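S.K.: First to last, the sequence lines map onto chains R, D and U.
Going left to right, the first sequence walks through residues 1 to 132 as the working numbering numbers them.
Going left to right, the second sequence walks through residues 1001 to 1166 as the working numbering numbers them.
Going left to right, the third sequence walks through residues 2001 to 2165 as the working numbering numbers them.
In case anyone wonders, no lab produced these hints; they're calculated from the structure.
Take the hints with a grain of salt, since some may be wrong.
[Said to hold, decoys possible] Examples of chain D residues lying across from chain R (beta carbon under 7 Å, computed):
| id | residue |
| --- | --- |
| 1 | 1071 |
| 2 | 1095 |
| 3 | 1096 |
| 4 | 1102 |
| 5 | 1104 |
| 6 | 1122 |
[Said to hold, decoys possible] Label pairs and their calculated CB-CB ranges:
| id | chain 1 | residue 1 | chain 2 | residue 2 | range |
| --- | --- | --- | --- | --- | --- |
| 7 | U | 2001 | D | 1087 | 20 to 28 Å |
| 8 | U | 2145 | D | 1114 | 23 to 31 Å |
| 9 | D | 1114 | R | 23 | 29 to 37 Å |
| 10 | U | 2080 | R | 80 | 22 to 30 Å |
| 11 | U | 2100 | R | 98 | 23 to 31 Å |
| 12 | U | 2130 | R | 125 | 49 to 57 Å |
| 13 | D | 1085 | U | 2101 | 36 to 44 Å |
| 14 | D | 1149 | U | 2130 | 18 to 26 Å |
| 15 | R | 73 | D | 1062 | 38 to 46 Å |
On a predicted model such as this, the values are computed, not experimentally measured, just so you know.
Idealized CB from N, CA, C, for every residue including glycine.
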Amino acid sequence: MALSRDEITEKVREALVDALGVDEGEVVATARIGADLGAESIDYLDIVFRLEKAFNIKIPRGDLFPDNVLTSEEFVQNGKLTDRGLAELKARMPYADLAQFEKNPNVQDIADLFTVEMIVRYVEGKLGGAGA
Amino acid sequence: MRWIWIDKFVEFERGRRAVSVKNVTLAEEHLHDHVPGYPLHPPALMIEGMAQTGGVLVGEAFDFQEKVVLAKVTRAVFHRHVRPGDQIRLEAVVQGEVRSEGAGIEGRITCNGLLVAEIEMMFAHLDQSRVPLDLDEENFVFTEDFIRMLRMRNLGQLPPPEPGGA
Amino acid sequence: MRFFLVDRLLELEPPKRVVGIKNLSLAEEYLADHFPAYPVLPGVMMLEALVQSAAWLVRASTDFEKTVVLLREARNVRYGSFVRPGGQLVMEVEALDVGRDSSRFRAAGQCDGQAAVQARLVLEHWNVADEDPGNADLDDRLRAFWRERFRIVGGPQALTAAAGT
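Start from the sequences and build out the full structure, keeping to the hints where you can.
M.R.: Structure (structure tokens):
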């Protein structure tokens, strides 16, 4: 399935518009799924199902939106990610841009990493890898 | 008035698809308010019928151990009106697969083969954070009464849905 | 149980917005099933409360012209906190467009300051005679019925309250 980045972006946009009820115009690359597009916890699962269907891929729990990093004691202390937590997050989200986040790794800011761009890169990674 | 908006299951395939039916009858009180002199089965109660059909489909996948509740109605579009004497057929199909975090279903309601509504919805499990601790043990969503009334112990004996539906 | 989900209109500013309330009481029998030992207002009843609030805005904006106002589409209906017996749902509905035959809204319900429900709604409006000719007299009776209910739910006061703010 050799989809171009534009084609992937278009399908991701469609999935977000359907799941979140936002206008197409709001779904820009830097838009944060939560803060900008209004996604709440149940919406993340809806997005996962729609992406699975649109791209014929499997997205295991926590693969796209890592949730366990937020709660585990070894990764979080005083609301910030520990070094191990940061390493774990990097390993779990190789497609995310963590440069800014690293400077002040507050757990509550992790959600800001979930942008449209991040999802597109994740899908690219899943499709470009060894088969879908 | 009972809060049960489906009457029985007619097709069932664990974790994948289920079909229920609901009879609409003048014996139902709400029809006399909605609308006086011109009874119409309310769209919101059709959404609930789909939620109960989908909720049982999702709940059964966990042997009714989880308190499955409606978390979101992504879209519900109504095409036709439903009246006393009609029987509607509610078909729920799991999106992808049922997961421990929740599930999504795509639903279609038909009457005599004609499309009445298309509904997409998501379910979540009610956990301790939203329910008082002393009630956590009970499954008040799937009670013995509910299971008995909808004959849910027989679901495994029902035929699986035909591809494409009616 | 009576299928009226708006107990009182608080503010009514046709064709722009409406605010109404629904009280929840253990007297409502269906609560015994939803759920046993943990009664809460069902999500679709919160949705219906929003729909009926929007319907009042339609009627007040169109001089009660169409006698049947029905939900045609609901999108992005999301639920937050529960409404429990003794609690009150406050419905706030903002019209995006009110036409003769249909209307669109952004609607939200709160209980104790917490978001309970939000939704986007499309309603359809028609007369019984449109679907079933020969029912003009029923439509007349329905118009009178809705005007009377408008009085019951404090419609005239809600119009004044909105004008005053």
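S.K.: Now tell me, hint by hint, if it's right for this structure.
M.R.: Cross-check of the supplied hints:
| no. | hint | in the structure |
| --- | --- | --- |
| 1 | 1071 | 4 Å, holds |
| 2 | 1095 | 5 Å, holds |
| 3 | 1096 | 5 Å, holds |
| 4 | 1102 | 5 Å, holds |
| 5 | 1104 | 5 Å, holds |
| 6 | 1122 | 5 Å, holds |
| 7 | U:2001 to D:1087: 20 to 28 Å | 22 Å, holds |
| 8 | U:2145 to D:1114: 23 to 31 Å | 30 Å, holds |
| 9 | D:1114 to R:23: 29 to 37 Å | 32 Å, holds |
| 10 | U:2080 to R:80: 22 to 30 Å | 28 Å, holds |
| 11 | U:2100 to R:98: 23 to 31 Å | 54 Å, violated |
| 12 | U:2130 to R:125: 49 to 57 Å | 54 Å, holds |
| 13 | D:1085 to U:2101: 36 to 44 Å | 27 Å, violated |
| 14 | D:1149 to U:2130: 18 to 26 Å | 38 Å, violated |
| 15 | R:73 to D:1062: 38 to 46 Å | 28 Å, violated |
In terms of the numbered hints stated before, the structure departs from hints 11, 13, 14 and 15, listed from lowest to highest.
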